[in-house]
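*Asks:* Modelling step: build the complete structure from the supplied sequences, incorporating the hints.
Chains A and B are the protein sequences, given in the same order. Everything in the first sequence is counted per this note's numbering, starting at 1 for the first residue and increasing by one. Everything in the second sequence is counted per this note's numbering, starting at 389 for the first residue and increasing by one.
It should be emphasised that the hints constitute simulated quantities derived from the structure, not laboratory data. Mixed in with the good hints there might be a few duds.
[What the hints assert, rightly or not] Quick list of simulated restraints, FRET-style, between CB atoms: (1) A:L5 <-> B:K530: 25 to 35 Å; (2) A:E26 <-> B:N441: 28 to 38 Å; (3) B:L505 <-> A:E48: 39 to 49 Å; (4) A:A63 <-> B:K530: 31 to 41 Å; (5) A:D22 <-> B:S486: 53 to 63 Å; (6) B:K498 <-> A:E48: 50 to 60 Å; (7) A:E145 <-> B:Q407: 27 to 37 Å; (8) B:F476 <-> A:E370: 34 to 44 Å; (9) A:R387 <-> B:K530: 43 to 53 Å.
We put the CB at the ideal spot given by N, CA and C, even for glycine.
Okay, here's what each chain looks like letter by letter:
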Amino acid sequence: MKNFLNPVVCDIKPSGIRRFFDIAAEMEDVISLGVGEPDFDTPWSIRETAIYTLEQGKTVYTANAGLKELRQEISNYSIRKYQLVYDPLREILVTVGGSEAIDLCLRAILCPGDEVLIPEPSYVSYIPCTILAGGKPVGIPLRGENDFKLKPEDIEKKITPKTKAIVFPFPNNPTGSIMTKEDLLPLVDIIIKHDLLVISDEIYAELSYSEKPHVSIASFPGMKERTLVINGFSKAFSMTGWRLGYAMGPESLIRQMTKIHQFAIMCAPTTSQYAAVYALKNCDDKVESMRREYNRRRRYVLSRIRGMGLDCFEPEGAFYVFPSIRSTGMSSDEFCSSLLYDQKVAVVPGDAFGEHGEGYVRISYAYSLEELKTALDRMEKFLQGLRS
Amino acid sequence: MIREELLEVLEKDSRITVQELSVILGESEEVIESEMKEMEQEKIICGYHTMINWDKTNQERVTAMIEVKVIPQRDEGFDKIARRIYEFEEVSSVFLMSGPFDLMVIVEGKTMKEVALFVRERLAVLEPVNGTATCFVLKKYKDNGIFMEPRKKDERIPVSL
Numbered sequence: 001m002k003n004f005l006n007p008v009v010c011d012i013k014p015s016g017i018r019r020f021f022d023i024a025a026e027m028e029d030v031i032s033l034g035v036g037e038p039d040f041d042t043p044w045s046i047r048e049t050a051i052y053t054l055e056q057g058k059t060v061y062t063a064n065a066g067l068k069e070l071r072q073e074i075s076n077y078s079i080r081k082y083q084l085v086y087d088p089l090r091e092i093l094v095t096v097g098g099s100e101a102i103d104l105c106l107r108a109i110l111c112p113g114d115e116v117l118i119p120e121p122s123y124v125s126y127i128p129c130t131i132l133a134g135g136k137p138v139g140i141p142l143r144g145e146n147d148f149k150l151k152p153e154d155i156e157k158k159i160t161p162k163t164k165a166i167v168f169p170f171p172n173n174p175t176g177s178i179m180t181k182e183d184l185l186p187l188v189d190i191i192i193k194h195d196l197l198v199i200s201d202e203i204y205a206e207l208s209y210s211e212k213p214h215v216s217i218a219s220f221p222g223m224k225e226r227t228l229v230i231n232g233f234s235k236a237f238s239m240t241g242w243r244l245g246y247a248m249g250p251e252s253l254i255r256q257m258t259k260i261h262q263f264a265i266m267c268a269p270t271t272s273q274y275a276a277v278y279a280l281k282n283c284d285d286k287v288e289s290m291r292r293e294y295n296r297r298r299r300y301v302l303s304r305i306r307g308m309g310l311d312c313f314e315p316e317g318a319f320y321v322f323p324s325i326r327s328t329g330m331s332s333d334e335f336c337s338s339l340l341y342d343q344k345v346a347v348v349p350g351d352a353f354g355e356h357g358e359g360y361v362r363i364s365y366a367y368s369l370e371e372l373k374t375a376l377d378r379m380e381k382f383l384q385g386l387r388s
Numbered sequence: 389m390i391r392e393e394l395l396e397v398l399e400k401d402s403r404i405t406v407q408e409l410s411v412i413l414g415e416s417e418e419v420i421e422s423e424m425k426e427m428e429q430e431k432i433i434c435g436y437h438t439m440i441n442w443d444k445t446n447q448e449r450v451t452a453m454i455e456v457k458v459i460p461q462r463d464e465g466f467d468k469i470a471r472r473i474y475e476f477e478e479v480s481s482v483f484l485m486s487g488p489f490d491l492m493v494i495v496e497g498k499t500m501k502e503v504a505l506f507v508r509e510r511l512a513v514l515e516p517v518n519g520t521a522t523c524f525v526l527k528k529y530k531d532n533g534i535f536m537e538p539r540k541k542d543e544r545i546p547v548s549l
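*Replies:* What follows is the structure in structure tokens.
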């Protein structure tokens, strides 16, 4: 029998976290600070809406691009929150999580050999999705000394005639770093000068803790026509399992993405879409109350981490802190393994998010203050043990 | 703003220390302390109580919610009769209500008999009281935002990216 598998797929490395995850899953009494999803249940009113639509038998396919009503609410929401104006009929596509939107976009734009600039460390799906779409991922380092912000000089060094697009993953997973209006401004000129498309993954937009609200790169003059904004319901509304996201961008791109989506997926889950309509209309206060709770935990974790003598910049978004563990003399992987074996606390090695994450670990604060306290007490004990 | 968030946190955890409050709210300990003191004086903060699920103890305890219809009195409105009711040690809360009755009186006693006796001998006989309806609490599911039964375990995958 011949080997039926595609070598391109076979060559993609499985997520670096796998081995570590297997160890953690088998140990007893492990306290994990390793998750990438909220700890809050989806607000009950949203769940109750979903139950009601099921009772009513609203269980058929929706339009490929998503319920018209939902696209209208997404449009209203984006105007209200980020001053981004998109036509619900032509410029918005509802997807199966933000992750599908990333995949669709890369498949819609990439020709063999096209290069995509991908900041590192960042979320793990950009690189494999680029490869699977026939493109070539090119890493741009995000540096600890810059608070993991994207710098114009780092972008320019990597631009070639084959560069087609750049991924903007802010607020960032795993670093918690954000890009303010001032940070974004110098990048706009470069992007326009080199005629790049921006894939702006703003799934954590609602979880920003700086004084000023989240700013999208698409809101700058000349950028809307070359930006695909990706957002979704997982993080802000605590709806990870509902698998619902969306993409907003130029009509020509959305049309081609919708074509792929139509043939590969048909439409995003109907129940989730009805629930999302309700969420966008009614749940601003619930989102804000979760954001405030995250912010309190963020301050707590940061203070504890610094108190342990670890070097850590102040993250202003998402729900992660990303301290440097270089002072321990260990690699990220060694640190995480020892912490797991020694104190049964699971955190994620920074290099799982790209080589530039080496020397750091990701600590999630999607846990109650009580759980955080217990886990951080253990971590403190571990560090004291290392130093004595 | 700081007050609002301070109250939000204290309402859930009155044992949290000033130092912890200072960290999670990003304010100095002095500011936290003075705000708390001021709110105590202004009776915005009325106490730091413990939420107890008495059903899990060996102590007998019943709670009744008594709907009371009263005749308001000239010059005094409902306040005078409310006072005559809320001064009883058995009474834990009294609210003036809109709707078909006037006062909601929450009474705690050791047994139903004890509560019934209180209603019969003390409450119903008050002159302005026009009628009572005593409703005993059979089971508490959620009280003051707290679920009485433990919630489900954390079902998230322990490590996800």
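*Asks:* All the hints need checking, so say for each whether the structure fits it.
*Replies:* Hints and how they fare:
1. Taking the beta carbon of each, L5 of chain A and K530 of chain B are about 53 Å apart, not inside 25 to 35 Å as hinted.
2. About 35 Å separates the C-beta atoms of E26 of chain A and N441 of chain B, a value consistent with the hinted range of 28 to 38 Å.
3. For the pair L505 of chain B and E48 of chain A, the supplied restraint of 39 to 49 Å holds, since their beta-carbon distance comes to about 42 Å.
4. For the pair A63 of chain A and K530 of chain B, the supplied restraint of 31 to 41 Å holds, since their beta-carbon distance comes to about 40 Å.
5. The hinted range of 53 to 63 Å is satisfied by D22 of chain A and S486 of chain B, whose Cβ atoms lie roughly 59 Å apart.
6. Range check, K498 of chain B to E48 of chain A: Cβ separation about 38 Å, and the 50 to 60 Å hint is violated.
7. At about 31 Å, the beta-carbon gap between E145 of chain A and Q407 of chain B stays in the expected band of 27 to 37 Å.
8. For F476 of chain B and E370 of chain A, the Cβ-Cβ distance of about 38 Å falls inside the hinted range of 34 to 44 Å, so the restraint holds.
9. Distance hint check for R387 of chain A and K530 of chain B: the Cβ-Cβ separation is about 46 Å, which falls inside the suggested range of 43 to 53 Å.
In terms of the numbered hints stated before, the structure departs from hints 1, 6, listed from lowest to highest.
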